[in-house]
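If you follow the hints, you should be able to join the two separate chains into one complex; please do so.
For the protein sequence lines, the chains are A and B, in the order given. Under my numbering, the first residue of the first sequence is numbered 6, with each subsequent residue one higher. Under my numbering, the first residue of the second sequence is numbered 4, with each subsequent residue one higher.
Just so you know, the hints here were simulated from the structure itself, not pulled from any lab data. Please read these numbers as outputs of a predicted model, since none were measured by experiment. Each hint can be trusted.
Simulated crosslink set (SDA-like; lysine to any residue; CA at most 25 Å straight-line):
hint, chain 1, residue 1, chain 2, residue 2
1, B, K33, A, G53
2, B, K22, A, G46
3, B, K33, A, E56
4, A, K89, A, N75
5, B, K33, A, A42
6, A, K89, A, S79
7, B, K9, A, A42
8, B, K22, A, E56
9, B, K33, A, R38
10, B, K22, A, L36
11, B, K33, B, E114
12, B, K31, A, E40
13, B, K6, A, E40
14, B, K33, B, I50
Okay, here's what each chain looks like letter by letter:
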Amino acid sequence: MLHSIYATSMSRNPEEPVYNRIEEARTALGLSRQELADKVGVHYQTIGYLEREEYSPSLVLALRISSVLNQEISQLFSLTPFKKGK
Amino acid sequence: MPKKNKIYWLEGVTEKGVKALLADQNPKYKWLRSQRNRRILVVLVGIGNVLVAMGSYWPTLKTNLDLTEVAEITIFSVTAIFVIFAALMGYLFLRISVRGIADAPNELLDERQVMIRDTSYRYSYQIMGFLVMMLLLLMLFGREVQMFQPEGNDGSYLLISLLFTFAAMPSMVLGWRERDI
Chain A
6 MLHSIYATSM SRNPEEPVYN RIEEARTALG LSRQELADKV GVHYQTIGYL EREEYSPSLV
66 LALRISSVLN QEISQLFSLT PFKKGK
Chain B
4 MPKKNKIYWL EGVTEKGVKA LLADQNPKYK WLRSQRNRRI LVVLVGIGNV LVAMGSYWPT
64 LKTNLDLTEV AEITIFSVTA IFVIFAALMG YLFLRISVRG IADAPNELLD ERQVMIRDTS
124 YRYSYQIMGF LVMMLLLLML FGREVQMFQP EGNDGSYLLI SLLFTFAAMP SMVLGWRERD
184 I
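Chain B with its partners taken away, still in its complex shape (with noise of 0.2 Å):
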């Protein structure tokens, strides 16, 4: 009988899923793997979070662009379905870059790997702290951007890309530190 495939809800990984990436099964990602390539792809990443909290400033924008109401609609809608995508793919390369580790639960990694994936989640508290102060500071302060709006800017891109970010980050640090994974 068929070992069952262990899901992990809060990690989001399946036990299949995590050994396969770290036992290099599919050798078409083996290019993700190298500390340049990775810090690369941390760097798309990161603008692309960027991009998708820039959908918050889609008013302001189109007002200085003078664009008639389909081409704003047609534009905004392309732009942001494409944006969120690439988000989401860089962010699923990500995870496989780093072998899923960043994810994974205790039993399927080793010491050394429970310890990086620790170190990293550390260093994401940190700078996820820093990210949500600022964020914060922007909507109590900022002129341009504010919650709960009917018209004009709304926040709500701005936390899109926060959630992205929480969630990528702890690949994210993983990626750039580390020199082999």
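Just chain A, same shape as in the assembly (with noise of 0.2 Å):
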């Protein structure tokens, strides 16, 4: 109990992280974190989240995201990670 007291991993399933690329259509669109998180209607400490990973979104949050940044949810998230330049 003290070490899930102590541990600060919000994943939904931790063993499975899911990995995505936010970060990355999110700058290309020249939108700060803050307007993201207006748009998808969500807090900007999430966003903060999402980018590094440390949280795993619901499918509904998922597809707005996919939606507010012009991408195919599959292009954004995946279960395995990103290779670099692709």
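So this is what it looks like as structure tokens:
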């Protein structure tokens, strides 16, 4: 229990993290974290957690982010790490 | 027409109050946001609650100090007011430091905030269960504190402290655990 209290990872399933390219797609569109957060209806800290892959979004949030960033969901989220530069 | 400020009676918060905390509208509280400062605040609130609980042991303490009646009443009153006020202020700052997330309703939070709030309640439930059990054992088997005694130590300050702790525990867990909030 003590270990759990000190742990700060917030993934829905820490053993199977969801990798993403949110930061890359967001900066390509020239959006700040706050702007993206406002468009998808979350707190800006949540965007930070998502970009650091410390939190895995729900399907609804993932779809909203994909829509705002004009990307297919599979281009933005993956269960395996993205290859760099791809 | 300005939008009405919705009051959430069950949670003890208002819509505008929670939104202001979530949006960092008041920069003078930014120093409370770092995890180090939040953890210091959690420790201080914990110490404050223990001090409130110690009020139950005042009759034993005053006997050992051998005070006059006036000094006894003065010291006890001033200390009790100061400690309870400090504990309440600590709780207020703690709520601000975690952006009111621990007491906010679902509709004002995003999904991550709902998740961390719910997790904090799960740990709070376990911790409070342990504390209540300790208190019951203390009152059952402790020689000095008994409930509803006309003279000597009574457990009322222990109960007040437990109520403070009960209210503050979700914010304490949140403040301690979360890196960014």
